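Fit chains S and H to the given chain U structure using the hints.
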Amino acid sequence: MKFTAAQIAFFLNGIVEGDEKIEVSSLSKIEEGSPGTISFLANPKYTKYLYNTHASIVLVKKDFLPEVPVSATLIRVDNPYESLAKLLKMVEQPYQHKLGVDKLASIDESATIGKDVYVGSFSFVGRNARIGKNVKIFPQVYVDDGVEIGEGTVLYAGVKIFRNCIIGANCIIHGNTVIGSDGFGFVQPTGTNYNKIPQVGNVLIEDDVEIGSNCSIDRATMGSTILRRGVKMDNLIQIAHNVEIGENSIIVSQVGISGSTKIGKNCVIGGQVGIAGHLQIADGVKIGAQSGINRSFTQEGEAIQGTPAIRIRDFQRSSVIFKKLPQIQQDIIQLQKDIHNNNNSAD
Amino acid sequence: MKFTAAQIAFFLNGIVEGDEKIEVSSLSKIEEGSPGTISFLANPKYTKYLYNTHASIVLVKKDFLPEVPVSATLIRVDNPYESLAKLLKMVEQPYQHKLGVDKLASIDESATIGKDVYVGSFSFVGRNARIGKNVKIFPQVYVDDGVEIGEGTVLYAGVKIFRNCIIGANCIIHGNTVIGSDGFGFVQPTGTNYNKIPQVGNVLIEDDVEIGSNCSIDRATMGSTILRRGVKMDNLIQIAHNVEIGENSIIVSQVGISGSTKIGKNCVIGGQVGIAGHLQIADGVKIGAQSGINRSFTQEGEAIQGTPAIRIRDFQRSSVIFKKLPQIQQDIIQLQKDIHNNNNSAD
Amino acid sequence: MKFTAAQIAFFLNGIVEGDEKIEVSSLSKIEEGSPGTISFLANPKYTKYLYNTHASIVLVKKDFLPEVPVSATLIRVDNPYESLAKLLKMVEQPYQHKLGVDKLASIDESATIGKDVYVGSFSFVGRNARIGKNVKIFPQVYVDDGVEIGEGTVLYAGVKIFRNCIIGANCIIHGNTVIGSDGFGFVQPTGTNYNKIPQVGNVLIEDDVEIGSNCSIDRATMGSTILRRGVKMDNLIQIAHNVEIGENSIIVSQVGISGSTKIGKNCVIGGQVGIAGHLQIADGVKIGAQSGINRSFTQEGEAIQGTPAIRIRDFQRSSVIFKKLPQIQQDIIQLQKDIHNNNNSAD
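Chains as they are written, first to last, in my numbering: chain U, 1 to 347; chain S, 1 to 347; chain H, 1 to 347.
Since the hints were derived computationally from the structure, they do not count as laboratory data.
There may be inaccurate statements among the hints.
Pairs count within a copy or across copies, as identical chains cannot be separated in the list.
[What the hints assert, rightly or not] Below, computed lysine to any residue pairings styled on SDA-like, alpha-carbon distance capped at 20 Å:
{"hint": "1", "residue 1": "Lys324", "residue 2": "Asn128"}
{"hint": "2", "residue 1": "Lys133", "residue 2": "Asp207"}
{"hint": "3", "residue 1": "Lys115", "residue 2": "Glu244"}
{"hint": "4", "residue 1": "Lys21", "residue 2": "Ala6"}
{"hint": "5", "residue 1": "Lys323", "residue 2": "Ser296"}
{"hint": "6", "residue 1": "Lys286", "residue 2": "Pro66"}
{"hint": "7", "residue 1": "Lys48", "residue 2": "Glu31"}
{"hint": "8", "residue 1": "Lys61", "residue 2": "Asn195"}
{"hint": "9", "residue 1": "Lys286", "residue 2": "Asn193"}
{"hint": "10", "residue 1": "Lys98", "residue 2": "Phe3"}
{"hint": "11", "residue 1": "Lys48", "residue 2": "Lys61"}
{"hint": "12", "residue 1": "Lys262", "residue 2": "Glu151"}
{"hint": "13", "residue 1": "Lys48", "residue 2": "Phe186"}
{"hint": "14", "residue 1": "Lys324", "residue 2": "Ala111"}
{"hint": "15", "residue 1": "Lys103", "residue 2": "Glu92"}
{"hint": "16", "residue 1": "Lys324", "residue 2": "Gln336"}
{"hint": "17", "residue 1": "Lys286", "residue 2": "Ile312"}
{"hint": "18", "residue 1": "Lys337", "residue 2": "Gln327"}
{"hint": "19", "residue 1": "Lys48", "residue 2": "His278"}
{"hint": "20", "residue 1": "Lys265", "residue 2": "Asp283"}
{"hint": "21", "residue 1": "Lys86", "residue 2": "Ser26"}
Model, not experiment: these values are computed from the prediction.
Next up, chain U with everything else stripped away, as it sits in the complex (with noise of 0.2 Å):
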């Protein structure tokens, strides 16, 4: 399929600085571009890419001033990025053609099955599951007795949601992540073994949530650990038991969160971040890579750094100072020994 400038102008609202009639079939990278390729450019580290790109048409911002002479067609539009991801959202439907139940799935004759759905080879749908219109299982899920999966939700290959946990609407959950798996509980009688604690919570995630792959989120000991509508999770991440995340939130890969911690709406959370349990973090806080979190953080919409967590400026205005400490130990000892002399000189 191609499309010309034009076409694409006019699908964005954008305007074309070149050649209206040039075509397109695919996309690039800029600093890759190939002839018949569109790119774009939103990050400024970018720029320089431009000026030597083979792609035929660039994707740039209305007020973008190329420093020199640019040879690719522009189409200049409010947000490149944002742009990007309509145009590639309507050239992109890649499992289209995955519909209907495969014969080699295993589907309990209880289970609620709906219109549209795609059910691959080798998954289970257990006792009184209940799925949703449009649903697409892949290959080798495992859906547990009494899971509901709301309406649209794409579950990749190798997801596993056990029991009685509930998925919203238009969900994205990626390949090999566990979804209520026991939380982490135990009890010590006798100072020695340990006792399981039952977990006999569930997971509750609402509607608009992306989860990578890898990630594990436990069910709560009692009641829900809940995802809020429109959180966004990378790979490889750990919620435990009881954890509430708030609405759109970001979390990035290889976090952890601990058991009853509850974070905030619109948080940023950078990756391999820790956080202990029984925390409340407030809404819109902003918590950088490898963070450890110890404590509550309260004010909406502070930035964090370090382990344990301080203000993301005073991290980095000591982190510099770090690598000075020999130094610093140095200048004392010399100091040290200037008073000593001053003392002795005075004496």
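Below, chains S and H without anything else, positioned relative to chain U:
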């Protein structure tokens, strides 16, 4: 199923304070309690919720003194959390109906299958594998050639156990955990390309071990990677080849333990801790979250934290001062000026 | 199968010291060696075990000088670890009997399947997928539409490879690793809700790459996420969209590499390291465990550590002083008093 306060108190050997005849049919968290549910108060942080909870019954400590009157019926017990566990265990037995070998499982004819097992759809049991009685193998599990699974063990959906690994009795292994993937061992004969060291050992897991979801436990190069009796592991944990974990040690999520390291008994390893290879950690050592361990700790019961780890009290004290480093640097500059001035004035 | 010391020495081009006719039938660790086994001594830390080992044969370095007499027969070789690898490779070929396409596999009729492949039970091979000769696909593997698998590659149980990804020859991918899940990319048109950026690229893995279990390697937004020839990755690693890893680089477990970062050749990245997005790491750079990399490192072969990472020597020196911060603070207070007193006495 409903129980009265009197019945529950009898079962838990507790004392009722309030309405002995009040009935409950399910469980709730104290901050969300609703009529007809039983809740518990173990962590003093949650005491405030007791006074307003709508739970009908709350388990509290024998010596708990409410500050204001409580409308819920109380049951006084020695250890509310432990009593809850007992109660949950009595009530919650969710997978009892899962029994028998599914016709869509693939079981090698040389495998030995015990009595009263469950082998779910799309699970594979290889050559000469031995499955003990009362084992539950959920769907999509892989049990490779020569694997042994002890009596009463549960393997949740998606677990993969590779050749010759041995799992004890009454273990629980959560979804998508991999046991017996190759250890990470290579040689560089020419200094550039790596050649693989075949990993011919196995993983040996003793009785009563619980392992969370999405963990990776590598087989030994030779001999065994060993988890001793009663070890409890959370999710997303990496155990490298030839590691050994002592009895009843607790490992929180996202910990990584490198090759050939030996962890003692009754240790507690916090979330996201990393431990280098070929080290010894003594019995009862407690390692704070996110610590990096680059040497052996041979003193029993020591508490350590940091990267590299130091005694936890030292870590906490130094961490407080870390954010004052800019001030410290300024103080030193000021001191240097002051001394310089003193010297000059002393001249 | 038994081998004499003489046979093994001949195979390894080594020199026997002791009983040439002694036989061994399996391998052991030096600290656990039992009669009838062969062991090796590569790491000098383990030398002490040599003097008491019950292993019948031990591989040692050509120039090794025992301090006391050794009862085991020694075979002197250039590199004991490498010789061990050779030996293991000869001995250990555990999955040779796994051949043929299982009748419980689901293979699209448009897929191309090479000679002498193994496709295990409950594995799925999608439209137009191409499987090279001698490939081993274990049970419960997902090979999506348009995927290519090169000759001799092994995909262990539970691996999921999504659409259009390309895997080279002689690769090994361990259990439950996910290749080609969507990159983590969103736009916020209104500042609150996130819209997904479709991820239309793929993952390209060259020959001789080994990837551990439970790893997540995301597809590129456009173009390819690339692992070059000979890359070796441990378990539970996160590789984000559009990352590129250079030839023969080693990545230890639980590392996370953010979007569009380029890692050079022959790098070694320690466990639990996090690397921010859009960075360049030069060839041969060594990154200490748990480091956080927030800027490019362009000097070849540099060794760095810390969060944020600095030269490893600086990190080590400053780390030693970190625990003395309380003392440093006190020294400064004392100095301030001393100067104050001096000033007063000088008045």
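Going through the hints against the structure:
no. : hint             : verdict
1   : Lys324 to Asn128 : neither (63 Å within a copy, 59 Å between copies)
2   : Lys133 to Asp207 : within (14 Å within a copy, 42 Å between copies)
3   : Lys115 to Glu244 : neither (32 Å within a copy, 41 Å between copies)
4   : Lys21 to Ala6    : within (6 Å within a copy, 77 Å between copies)
5   : Lys323 to Ser296 : between (29 Å within a copy, 18 Å between copies)
6   : Lys286 to Pro66  : neither (34 Å within a copy, 39 Å between copies)
7   : Lys48 to Glu31   : within (9 Å within a copy, 56 Å between copies)
8   : Lys61 to Asn195  : between (60 Å within a copy, 19 Å between copies)
9   : Lys286 to Asn193 : between (40 Å within a copy, 17 Å between copies)
10  : Lys98 to Phe3    : neither (26 Å within a copy, 49 Å between copies)
11  : Lys48 to Lys61   : within (15 Å within a copy, 54 Å between copies)
12  : Lys262 to Glu151 : neither (27 Å within a copy, 39 Å between copies)
13  : Lys48 to Phe186  : neither (57 Å within a copy, 24 Å between copies)
14  : Lys324 to Ala111 : neither (64 Å within a copy, 60 Å between copies)
15  : Lys103 to Glu92  : neither (28 Å within a copy, 33 Å between copies)
16  : Lys324 to Gln336 : both (18 Å within a copy, 16 Å between copies)
17  : Lys286 to Ile312 : within (9 Å within a copy, 27 Å between copies)
18  : Lys337 to Gln327 : both (15 Å within a copy, 17 Å between copies)
19  : Lys48 to His278  : between (48 Å within a copy, 15 Å between copies)
20  : Lys265 to Asp283 : within (5 Å within a copy, 41 Å between copies)
21  : Lys86 to Ser26   : within (14 Å within a copy, 47 Å between copies)
This entry does not satisfy hints 1, 3, 6, 10, 12, 13, 14, 15, going by the numbered hints stated previously.
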